[in-house]
Structure formats: structure tokens, C-alpha cells
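Sequence order for the protein chains is H and L.
If you want this note's numbering, it's the 1-based position in the first sequence plus 3.
If you want this note's numbering, it's the 1-based position in the second sequence plus 3.
A few of these clues could be false.
Because identical chains cannot be distinguished in the list, a pair is counted as satisfied if it fits within a single copy or across any two copies.
What the hints assert, rightly or not - Straight line, CA to CA, 20 Å or less: simulated SDA-like cross-link-like pairs of lysine to any residue:
(1) K20 x E269
(2) K15 x V212
(3) K151 x V188
(4) K228 x D75
(5) K234 x Q272
(6) K271 x G122
(7) K151 x Q192
(8) K271 x F28
(9) K31 x N49
(10) K151 x T191
(11) K31 x F111
Hints listed in this document are in silico derivations from the structure and should not be mistaken for laboratory results.
Protein chains: 2
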Amino acid sequence: MKDVISSLYDSKMAALKAKIDAEKFDVKLTIVTVGDDPASKVYVRNKIRLFDELGLPCEHITLDEAGTTQADLDVLAANADHPMLFQLPLPNGLVAPDLPAAVDVDGFGSETLGQLVLGNNVVLPCTVQAVIDIIDNHYGENHFAGLKVAVLGRSNIVGKPLAIELINRQSTVSSFNSRSDLAAVDWTQFDVIVVATGFHGTLDNSQFVEGQLIIDVGINRIDGKLVGDVKHHEDVVSAAAITPVPGGVGRLTCLHVLGNAIKLCEMKQR
Amino acid sequence: MKDVISSLYDSKMAALKAKIDAEKFDVKLTIVTVGDDPASKVYVRNKIRLFDELGLPCEHITLDEAGTTQADLDVLAANADHPMLFQLPLPNGLVAPDLPAAVDVDGFGSETLGQLVLGNNVVLPCTVQAVIDIIDNHYGENHFAGLKVAVLGRSNIVGKPLAIELINRQSTVSSFNSRSDLAAVDWTQFDVIVVATGFHGTLDNSQFVEGQLIIDVGINRIDGKLVGDVKHHEDVVSAAAITPVPGGVGRLTCLHVLGNAIKLCEMKQR
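So here's chain H without its partners, still in its complex pose (with noise of 0.2 Å):
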């Protein structure tokens, strides 16, 4: 699955690009982070290097741990008039403001989700858009509609759109949680897996079968490396499709920032 996610990669950078040249979209993007948590500065030095790459201004707003209050984010927020997002996670209790729509590039506040309830046309979650883009990529655009799929996890920036992203494409949607009995589904039943628990060994590589996707959204560090939720035996071949960690998911998730922003930028220009 590593090539074929790589693949995937490059051809929708390539249309991303393509996109730019030939629309001259006002794209930009500001990107505030809060204190110097060192996961969250990979993933701004990601993203920032992806939008300089591409000749785009991409802002960032550095503001201190002390001192910095969350009227200060709602200002900053109140205040945006192009794609800008909080980086997760904030300290001291600081929530991500709820930005509209328009300028919402992560697709997590009330008013992109509510559109997203309704089906109208909205950017999905980084995440969300990565997990579509691997299922549309392995079955087809047009086979959403009965496909079966479960989705581990509920979480409001994962779990719970993509199961109402997949319900609004007609897919047959099981969303599964932390109270559900795991040990008594038959996973063999269903056409894709989506596992995005947080919580390494949640399934694991023997569970599946011939002809199934699983998609491994999960990052987890066990004794210095780097893990999915889908915990991989050594003596066991899958017959399924299993997305890698690293280089799965992760790997596209980055480029939606991008697509989102652009997607944005064309919303508003319409």
C-alpha cells in the first residue's frame, strides 16, 4: 500500500498545482500556534513548507504560552478573512475558536459540520478528505453508495464526520467506540475498516480478509517508533489492503491543508 498511497500523493499535488497555475487563486493561508509544543512544530514546518513550495504566502503566528489568552484567539479569529487555522493542541485549557466557514481550512467548527449535516458542499476534516481519497482511490468514485463500512472512533475530528461524509455518499456506515463489544463483530463483513481509535492494537492484521481495505488512521509512539492502531504480527501475511503508518494516511492528510485552503479560495471567488 506505501506505493499506491505515494501515487496517490503525487497525483493530487499534481492537480492541486495544476489547479493554481491555471485559476491564480488568492490562496493563503495563517497558521497560529500557541507555546512550542514539538509534535505540532513538524506538523506547522510541514505545512508551511508545502505552501512554500508552491510559491503560496503561508503566515504564522507564534504566540506565547504565557500571556496569551483565548480572547486573544477570538480576536485573531473574528478578524480572518482567508483560510487560518489553530494548530491542536492548545495549552492551558485554550480552545481553537469556532471560525466560520469560510475561512474554516480544518474543517472543525460548527458551521462547516452543520453544512456537512445538511450535504451541501463544505471542505472535510484533513483527515476525513485523506480516508475518502484512499476508498475513492480503491473502489471508485461511483461505488461509495453500499459500500460497507465500519469506522472505529467518534472523535469530532475524525470519526464523526467521516461516518456523515460516508452516509452522505450512501455507504452503509457501523460506527463503532471505546463501549463497543470489538470482540464480537465479525469484521469480515464489512468492505472497508476505518481504524481511528488513538489506541495501538485496537484491531490487528489477522482479523481481516481477501478484498478488504483497512485504513489505519491512527499515529501512536511505542518504545520510539512509530505505530498505527492496527497492530501488525509478524508471522501473519494479510490478505487485505492495509494502509502503512507511516506513510499512509499521515501522508495525504498533510496536502488537504492545501486543497481545503484552495477549495475555500474557489468557494469565495464563486
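We have chain H already, so just place chain L on it with the hints.
Chain L alone, transformed into the frame defined by chain H:
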């Protein structure tokens, strides 16, 4: 089940009455209708009667089908300062304005739905609240987590918001739609099956087993008779608890226009 629903209605009604008496809420509702759809007339009359019974003001704005524009509806919505609803269906391609959450008594608006996805405190669409009440009454408030619920239908006003609310409550939710292969599903695996497809005969009473709760949301008129989405074979005695039509979900739904109006007033006063 008819008796169960009936006593549930009575206890919910008593609770709402007690709340109004105790809290002295300034509860007021405005219902907007356009034209004279006969089914709408019955629904609106029931809502007005309920408010009348409790001595609460319910304003009814009736607009002519000829001459009413989308702009007319939008102006009414923009000036709403207390709970309002636009009775569906609207004629001539008119669409219900997207009411702000503070006055959205039907719970159909994008702001309400976005807050619902985020798990924040909002009113639920009245039919969704009725379904939640019936499950709650059957299994208990603390038994949503881990409950296996099938939701058939993915409308914006029932299926989708119900699935989201159940996911919020940590149920294991399976969402089916017209593209799902219903014949291949083992229905006995679910604790609760909610049928909200709008098609009589989507499932039938021979498909359920003891211990299951079947909630029939459908209201269809066949040969002059009101029937649900579940077909009842006369020679089959189902061991499952199946809500009747009429006298089931619909009976509770009307009550929640009042319940939601009270909740919006409560939220405003806080």
C-alpha cells in the same frame, strides 16, 4: 407498546407542565405556513392546541401560496427573537430559512446540527427526541453506551441527526439507506432498530426476535389507512416490542415542539 407510549406521553407532558409552572418561562412559538397543504393543517392544529392547553402563546403566520417569495420567509427568519418553525412541506420551491440555533425549535438548521456534531447542548429534531425517549424509556438513560442500534434512512431531519446523537451517546450505530443490501443483513444482531425510510414494508414483523425494540418512524397512507414503515403480517406474532403507527413515535413528536420551545427559552435565560 401503545400503552407504553401513552404513559410515556403522559409523564413527559406532566414534566413539561411542571417545568413551565416552576420556572415561569416566557415560552412562545411562531409557526409559519405557506399555502394549505392538508397534512400540514393537521400537524399545525395539533401544535397550536398543545400550546393552547397550557395557556402559552402560539402565533400562526399564514402566507398565501401565490405571491410569497423566499425573501418573505428570510425576513421572518432574520427577525425571529423567539422559537419559530416553518411547517414543511413548503410549496413552489420555497425552502425553510436556515434558522439560528437560538430560535430553531425544529432543530433542522445548520447551526443546531453543527453543535450537535460537536456534542454540545442543543435541541434535537422532534422526531429524533421522540426516538431517544422511547429507547431511554425501554433501556434506561445509562444504557445507550454500547447499545447496538440500526438506523434505516438517512434524511436530514431524522436518520442523520439520530445517528449523530446516538454516536454522541456512545451507541454502536449502523446506518442503512436505499442503497444498502437490506436482505443480506442479520437484523437479530441489533438491540434497537429504527425504521425511518418512508417506505411501508422496508422490514416486516417476522424479522425480529425477543428482546429487540423496533421503532417505526414511518407514516404512510395505504388504502386510506395509516401504516408505518414496518409491515405487520397478521399471522405473525412478533416477540419484539414494536412501536405502533399511529400512536407511536408521532404521538411523542408533537410534544417535543413544546419541549424544544421550553429548552430554547431555558438556554436563553442562562
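Results for each hint:
In this assembly of identical chains, K20 and E269 lie within 20 Å of each other by CA distance solely inside one copy; the values are 14 Å within and 51 Å between copies. For the homomeric pair K15 and V212, neither the shortest alpha-carbon distance inside one copy (29 Å) nor that between copies (49 Å) is at most 20 Å. Proximity of K151 and V188 under a CA criterion of 20 Å is satisfied in both settings, with 14 Å inside one chain copy and 11 Å between copies. Taking the closest pair of Cα atoms, K228 and D75 never come within 20 Å of each other, the shortest separation being 37 Å inside a single copy and 61 Å across copies.
Taking the closest pair of Cα atoms, K234 and Q272 never come within 20 Å of each other, the shortest separation being 45 Å inside a single copy and 50 Å across copies. In the homo-oligomer, the alpha carbons of K271 and G122 lie at most 20 Å apart inside one protomer (19 Å), although the nearest pairing across protomers, at 29 Å, exceeds that limit. For the homomeric pair K151 and Q192, the shortest alpha-carbon distances inside one copy (8 Å) and between copies (16 Å) are both at most 20 Å. Taking the shortest alpha-carbon separations for K271 and F28, only the intra-copy value of 10 Å comes in at or below 20 Å, while the best inter-copy value is 42 Å.
For the identical chains of this complex, K31 and N49 are intra-copy neighbours only, at 15 Å inside a copy versus 53 Å across copies, given an alpha-carbon limit of 20 Å. Taking identical chains as interchangeable, the C-alpha atoms of K151 and T191 lie at most 20 Å apart whether they share a chain (10 Å) or sit on different chains (18 Å). Taking identical chains as interchangeable, the C-alpha atoms of K31 and F111 lie at most 20 Å apart only when both belong to the same chain, with a minimum of 19 Å there against 33 Å between chains.
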